[in-house]
Amino acid sequence: MDEHTGHEGHEEHADHGYLHNKNKEAYLKRLKRIEGQVRGLQRMVEDEAYCIDILTQVSASTKALQAVALGLLDEHLGHCVAGAVQNGGAEADEKLAEASAAIARLVRS
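Numbering-wise (the UniProt record's numbering), the sequence shown opens with residue 1 and increments by one.
Don't read these hints as lab results, they were simulated from the structure. Misleading hints may appear alongside valid ones.
[To be verified] Below are the DSS-like pairs computed for lysine-lysine, each with C-alpha atoms no more than 27 Å apart in a straight line: (1) 63 / 29; (2) 95 / 22; (3) 63 / 32; (4) 22 / 32; (5) 22 / 63; (6) 24 / 63; (7) 95 / 24.
Work out the full structure, taking the sequences as your base and the hints as a guide.
So, in structure tokens, the structure goes:
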């Protein structure tokens, strides 16, 4: 199991597109905001807030996470997948299958 990704069977990739540009900070900022939203949800449940208000906040948090996921997917397609397709061969097939599986997971969520 890869200690960095928590996934089995994935080699370590030293060059991820979003890590080397301004988007990394934007992703971190969004994720910290989402973390705050989730903590707020915990407080709402502890305080027995009105169920509809909690559900509204759950929906907002879910949409925020989906936006992060779509941004990361776009980065992955534009950087990792596009590069692999240019190189062709087994790596291209692997990256396309990986991206397809990620899209399927997002659609199911």
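Going through the hints against the structure:
{"no.": "1", "hint": "63 / 29", "verdict": "holds, 15 Å"}
{"no.": "2", "hint": "95 / 22", "verdict": "holds, 24 Å"}
{"no.": "3", "hint": "63 / 32", "verdict": "holds, 15 Å"}
{"no.": "4", "hint": "22 / 32", "verdict": "holds, 16 Å"}
{"no.": "5", "hint": "22 / 63", "verdict": "holds, 22 Å"}
{"no.": "6", "hint": "24 / 63", "verdict": "holds, 19 Å"}
{"no.": "7", "hint": "95 / 24", "verdict": "holds, 21 Å"}
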